[in-house]
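*Asks:* Build the full structure now, drawing on both the sequences and the hints.
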Amino acid sequence: MIQNQGGKVVDGLKEVSAGGVVFRRRDGRAEILLIEDRYARWTLPKGKREKGETNEETALREIREETGVSGRILRPLTTVRYRYFHPDRGDVEKEVHYFLVEATSEALDPALSEIGGARWLSPEEAFRLMQREGYDNNLPVMEEAYRHLGLRAGET
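Just so you know, the sequence shown maps onto residues 1 to 156 in UniProt numbering.
If you are wondering where the hints come from, they were derived from the structure by calculation, not from laboratory data. Certain hints may be false.
Listed next, the in silico BS3-like pairs over lysine-lysine satisfying Cα-Cα at most 25 Å (straight line) [said to hold, decoys possible]:
1. K94 to K14
2. K51 to K14
3. K51 to K94
4. K14 to K48
5. K48 to K94
Label-pair restraints from in silico Cβ distances [stated by the list, open to error]:
6. A40 to S122: 20 to 30 Å
7. G68 to R41: 16 to 26 Å
8. G116 to P140: 17 to 27 Å
9. F85 to G28: 44 to 54 Å
10. G52 to D27: 35 to 45 Å
Note that the coordinates shown come from a computational prediction; the quantities given were computed from them, not determined experimentally. Here a beta-carbon is modelled for each residue, glycine too, at the ideal position from N, C-alpha and C.
*Replies:* So this is what it looks like as structure tokens:
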């Protein structure tokens with residue numbers, strides 16, 4: 001196991017992250033939390049696992065650090081795997097463990113040094129924004145979360 005200078009865990013050329021589909025109920029309707037990343041694309045809150053953390057601890061910490069929202073994990077969701085190129089390390093295999101997370105606090109306090117912003121959206125708005133200005137590999141994760149919440153991607 002290799003640890004980089006920031007204390008993030010990297011297994012050789014494998015990076016492990018965790019995050020979540022965060023939801024709240026407002027006036028009887030579900031809302032989904034999305035963040036705008038540093039590339040001006042909308043995504044689910046997530047981040048790298050630190051030494052000694054579980055995937056669940058990482059997910060809750062990253063959601064709180066990026067958005068200011070605390071939550072509780074209801075269940076695991078899909079694990080997404082992909083490869084990207086890092087200028088210092090070359091090809092990196094990335095594994096992201098996602099969880100369905102119910103917000104226990106709702107006020108947004110985005111870490112603008114890390115992300116461009118954060119928004120609560122209707123499930124339909126969140127899914128459409130992800131389709132238009134997000135990452136395709138997040139769509140199956142959102143669909144799975146919506147099924148567990150009794151929602152459809154096209155539902156408000």
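*Asks:* Now look at each hint and say whether the structure bears it out.
*Replies:* Hint-by-hint comparison with the structure:
1. A hinted pair counts as satisfied when its Cα atoms are at most 25 Å apart, and K94 with K14 qualifies at roughly 6 Å.
2. Pair hint K51 plus K14 holds up; C-alpha atoms about 14 Å apart against a cutoff of 25 Å.
3. Between K51 and K94 the CA atoms are separated by roughly 16 Å; this keeps the pair inside 25 Å, and the hint holds.
4. Restraint check for K14 and K48: the C-alpha separation of about 11 Å stays at or below 25 Å, so the hint holds.
5. Taking the CA atoms of K48 and K94, the gap is near 10 Å; set against the 25 Å cutoff, the hint holds.
6. The supplied range of 20 to 30 Å is met by A40 and S122, whose beta-carbon atoms lie about 21 Å from each other.
7. Roughly 20 Å separates the CB atoms of G68 and R41, a value that falls within the hinted 16 to 26 Å.
8. Range check, G116 to P140: Cβ separation about 24 Å, and the 17 to 27 Å hint holds.
9. Our hint of 44 to 54 Å for F85 and G28 holds, since their Cβ atoms are close to 45 Å apart.
10. G52 and D27 have their C-beta atoms about 40 Å apart, which keeps the hinted 35 to 45 Å range intact.
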